[in-house]
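Participant: Listed below, chain by chain, are the residues.
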Amino acid sequence: MKLIVDHLRYEYNKGTQLSVAALDDVNLVLKAGEFIGLIGHTGSGKSTLVQHLNALLTPDSGTVYFDGEDIFEKGYDKKSLRGKVGLVFQYPEHQLFEENVFKEVCFGPHNLGLDRRTVELRAYEALKQVGMEDEYFYQSPFDLSGGQKRRVAIASVLAMKPEILILDEPTAGLDPKGRTELLDRIKTLQKEAGITVLLVSHSMEDVAEYVDRIIVMDHGKVQYDDTPREVFSHYQELEQMGLSAPQVTYILSDLNEKGLVLDQTATTINEAKDTILKCFGMR
Amino acid sequence: MLREITLGQYYQTNSVVHRMDARTKLIATFAYIISLFIRTNIYVYLIAAFFLSVAIIACRVPFKHIVKGMKAIMVLLLVTVILNMFWTRGEVIFQIWKISITWEGLRIALFMVFRLSFLILGSNIMTLTTTPSNLTDGLESIMRPLKAIRVPVHEIAMMMSIALRFIPILMEETDKIMKAQLARGADFENGNLIKKAKSLVPILVPLFISAFRRANDLAMAMEARCYRGGDGRTKMKPLHYEGRDYLTFLILIIYLAAVICLGYYVPKFW
Amino acid sequence: MRMIDVSKLVFEYIRRDEDGNVEGITRAVDEVNLHCKGGEFIAILGHNGSGKSTLAKHLNAILHPTEGTVLVDGKDTMDENEIWNIRQSAGMVFQNPDNQIIGQVVEEDVGFGPENMGVPTKEIWERVEESLKAVGMYDYRKYSPNKLSGGQKQRVSIASVIAMHPKCIILDEPTAMLDPMGRKEVIRAVRALNDVEKITMILITHYMEEVVYADRVYVMDKGKIVMSGTPKEVFSRVEELKSMRLDVPQATLLAYELKKAGLPLLDGILTRKELVNELVRLKGQK
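Read top to bottom, the protein sequences are chains A, B and C.
Each number in this note's numbering corresponds to the 1-based position in the first sequence with 11 added.
Each number in this note's numbering corresponds to the 1-based position in the second sequence with 1 added.
Each number in this note's numbering corresponds to the 1-based position in the third sequence with 1 added.
If you are wondering where the hints come from, they were derived from the structure by calculation, not from laboratory data.
Among the hints, erroneous ones may be present.
[Unchecked claim] One-sided excerpt, in silico: chain B residues whose CB lies under 10 Å from chain A:
{"no.": "1", "residue": "L78"}
{"no.": "2", "residue": "Q182"}
{"no.": "3", "residue": "I204"}
[Unchecked claim] Listed below are the simulated DSS-like cross-link pairs for lysine-lysine, each with C-alpha atoms no more than 25 Å apart in a straight line:
{"no.": "4", "chain 1": "A", "residue 1": "K269", "chain 2": "C", "residue 2": "K260"}
{"no.": "5", "chain 1": "A", "residue 1": "K232", "chain 2": "C", "residue 2": "K148"}
{"no.": "6", "chain 1": "B", "residue 1": "K238", "chain 2": "A", "residue 2": "K114"}
{"no.": "7", "chain 1": "B", "residue 1": "K238", "chain 2": "C", "residue 2": "K143"}
{"no.": "8", "chain 1": "B", "residue 1": "K236", "chain 2": "C", "residue 2": "K168"}
{"no.": "9", "chain 1": "B", "residue 1": "K236", "chain 2": "A", "residue 2": "K172"}
{"no.": "10", "chain 1": "B", "residue 1": "K180", "chain 2": "A", "residue 2": "K95"}
{"no.": "11", "chain 1": "A", "residue 1": "K90", "chain 2": "B", "residue 2": "K196"}
{"no.": "12", "chain 1": "C", "residue 1": "K76", "chain 2": "C", "residue 2": "K199"}
{"no.": "13", "chain 1": "C", "residue 1": "K134", "chain 2": "B", "residue 2": "K236"}
{"no.": "14", "chain 1": "A", "residue 1": "K13", "chain 2": "A", "residue 2": "K114"}
{"no.": "15", "chain 1": "A", "residue 1": "K89", "chain 2": "B", "residue 2": "K180"}
{"no.": "16", "chain 1": "A", "residue 1": "K114", "chain 2": "B", "residue 2": "K236"}
{"no.": "17", "chain 1": "B", "residue 1": "K180", "chain 2": "A", "residue 2": "K25"}
{"no.": "18", "chain 1": "A", "residue 1": "K42", "chain 2": "A", "residue 2": "K114"}
{"no.": "19", "chain 1": "C", "residue 1": "K76", "chain 2": "B", "residue 2": "K236"}
{"no.": "20", "chain 1": "C", "residue 1": "K123", "chain 2": "B", "residue 2": "K238"}
{"no.": "21", "chain 1": "B", "residue 1": "K177", "chain 2": "A", "residue 2": "K95"}
{"no.": "22", "chain 1": "C", "residue 1": "K123", "chain 2": "A", "residue 2": "K289"}
{"no.": "23", "chain 1": "A", "residue 1": "K188", "chain 2": "A", "residue 2": "K232"}
{"no.": "24", "chain 1": "B", "residue 1": "K236", "chain 2": "A", "residue 2": "K90"}
{"no.": "25", "chain 1": "B", "residue 1": "K197", "chain 2": "A", "residue 2": "K114"}
{"no.": "26", "chain 1": "A", "residue 1": "K289", "chain 2": "C", "residue 2": "K38"}
{"no.": "27", "chain 1": "B", "residue 1": "K236", "chain 2": "A", "residue 2": "K89"}
{"no.": "28", "chain 1": "C", "residue 1": "K38", "chain 2": "A", "residue 2": "K25"}
{"no.": "29", "chain 1": "C", "residue 1": "K38", "chain 2": "C", "residue 2": "K123"}
{"no.": "30", "chain 1": "C", "residue 1": "K260", "chain 2": "C", "residue 2": "K38"}
{"no.": "31", "chain 1": "A", "residue 1": "K160", "chain 2": "B", "residue 2": "K238"}
{"no.": "32", "chain 1": "A", "residue 1": "K188", "chain 2": "C", "residue 2": "K260"}
{"no.": "33", "chain 1": "C", "residue 1": "K38", "chain 2": "A", "residue 2": "K188"}
{"no.": "34", "chain 1": "B", "residue 1": "K196", "chain 2": "A", "residue 2": "K114"}
Where is the CB? At the ideal position from N, CA and C, for every residue including glycine.
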C-alpha cells in the first residue's frame, strides 16, 4: 500500500473575500506498516488533509495516488477506496445507529458488497481486535459506556480490513487509563496486522510514546516530517505554531540550562529517566 | 465550517430602519405584503414601488445584498411570465403562428413580477435589518394577547429562538455523520427510491439521538441558570416604541389608504 | 459557615431492562462526605464512571440525595423553596461548549441568567459587561457563538454564570472537549477568578495538570471518596492513582520513576520547575 499526496491544494469559501487555504501545496508519501502521528493546532489543515485521503473531499488542485492510481480521476471506485483507507472520525460513537453491536460492525463490510459469511466473520474478528467481550455483541450500542461505544465504532471501520487506518483524535474525552488502553491496542493491531496507522492528535505525549514518524502541519503546510526525536528538538519553533513538545523535552532542556550535562533527545518518560540516571552515574 | 453560515442574513449597519422596533417592521412588512394582493392596478404598484424604494434607501444596506434572494426565484418568475404572457385570452397584440401575446397576458405577467419581487424585496429588508433574536422578541410581543386564550406564547418564542441557535450546529452535525457513514462505504446516491430512503437511516438515527442529547443538556443548563418559564423574567433588550416607530405607523396608514383608494375607486387605466 | 457541606451522601438509581423490569440498583455515590469553605479552590478527580459528575449535580440541586444531606450556603437541597436560591448561589458550567449556550449572540447568553432572576434591564447590562470583562471576552460580546473556539465558548459560559453573582462555581469537566490551548484558557480563567474575585471554585476533572493549583483535592472511585488532601499529598501516591485509572503530571511520574530507581528525590513534586530544581539540588550535593 502506498499513498502519495501530490501538491494538494484546498480552499474554504472559494472565490470570496474569506477564502482560506486549508491545504497549501501539501506533499507526502505514506508507506505500508508505518505508524505516523499527524499534529497541528486547530485549523492547521489536519482534518481537511485526512478527508482527502479517502476522497470525501475533492481538492482544488493536485491529487492523491493510492497504489499508483489517481483517486480523483473520473470513474475511480471511491467506495472500494474507502474500504482500503479506513477513516475513524473524532467522537466516532456519534455515528452509531444499528439495533445491536454486531449489526453495527457488519455495516462497513456489508457496504463493500461482501457475502454474508465473510461479513459476519470480519465483524467478529474486528470486535475481538478491539477487545469487545461476546456478551455485548447483541446489546444495543446505546446501552454501552462511552469507552465501549468508541471501541465499537473503531471496530466498525476495522471490519473493512483497511490497509491504512486513520484515526482522528481517538482518545478525545477518554480518561487517562482509557487513553492508554486504546493506544496500546492500536499499537498491537498495527504490529500484528502490519497496517499503516495515521494518528491525528493534539497530545504530544501520546504521539511521542507510540509513533515512529511525526508530520507537523501549520496553516495548511507541512512544516516537519521526521522522527519524533528530530521533530521535538525544534520545540521552540513548535511553540511558535501553538504546539508544544512533550513535558520531558522541556524538563531536559531546563536541566541542561542549569548545568546538568545530558543528552536532550529523549522524548518519553523512560528515555528521560535513563538519561537522567546516566547523568547521576547510576546507569 | 458549515456552522459559520449566518442565518437570517442580518446585515450590520446603522440606519433608521435597523433602529426601529421589531414589531413595527413586522407589522409594516405584513401589511405591505397584503397590499400587493388586494385589488390591484398599475397605480397601486407604482405607489408600492415608491415606498419600497424609500425603504431600500433608508435601510442603508447595499443593493446587491437586498437583491440576493432574487436569484433563487428567477426561474419561477420566468416561468410565470411566459405562462401568463402566452396563455391568457384577451385582446391580441402580437401573433406568431399559433402563439399569441395579449394585453391581458402582458398585464397579468407584469403584475406577477411586481408582486413576487416586491414581496421578496420587502421581506429581505426586514430580515436584513433585524437580528433573529430581535425578530423572535417582536413576534412574542405581538402574540402576547393570545395568552388570554391559553396559547403558550413565551414557550413558542423560546423554542423558535433555540431552534435558530441550533440549526447551524445540527447542519454541521449532519454533514459529519454523512461523512462518517460514507467512510464506511455507505451509498446515498444509487438505487431506487426505497433503497435511497433506507440509506438515510444511518444519518437520521444518529442525528435524532444527538438532537435529543443536546436538548437534554440544554434543559439542564437552563435550569442551572434559574430558568423556570416566562413568569417573572425581565428583558435585556426590551422593546419600546420611539418617535420613528410612530412616524412609520403613520406613513403605513397613509400608504394603505392610498392603496385602497387607488385600488377600488379610481377608474382602471390598466 | 461552610460554603458546601455534603454529609453521608448516597445516590442510587434503579436500572431497568428493555421491558421496564427492574434489573438492579446502582449506587453512583456511596456515603460521600465533602466540604468546602468560601474562597477555596477544590478539585474532584476521578475516572469516567467514578461518580464525580453525579456528585456535582447534587451541588446545585439538579439531583436529590437518596440518603444524606447536601447543604449549599446553609440551604438544604431537598427544600423545594430554596432550589432557585441554591442555583443562584451555586452556578454550574458543563462539559459540552455548545449545549449550554442559549443566546444567539454572546451578550444575550450572558444576560439569560439575570433575565431569569428578574434583574432590572439596566443592571443586566452592567452585569453582562463586568462578567465578560472578567473572562476576557468583552470584545466578542456581539459575536455569534458559532464563530468562537471551544475555549472561548467555555469562557462565555463561565461569564454567563458569573452574571448571576453566585457564591461558588462548579465546573463539570469543562475542558474535556477542548484542545490544549482551549484547556489552558479555561483553567487560567478559573484560577484568576478564584485568586482575584475570590469566587469559590469546584473543578471536576480527570486531567491531572489542572489540579495542581487547587487548595484541596478529593479523589473518587466507584462512588466513594478514596483520597483527599492537598495536591502534593495526593499526587505522591502514584501507584494508588494508577490503580484507579488516573494519571499524574509527567513531572510527577518522572520523579516517581527516578525515585524507584534510587534517586533520593523529595516527595510531592508537581511541576517541571520543582523537578528541575530538585535534580539540580541533588546534583549539587554529590
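Participant: Which hint numbers doesn't this structure obey?
Facilitator: 1, 6, 9, 14, 16, 18, 19, 22, 23, 24, 26, 27, 28, 29, 30, 31 and 33
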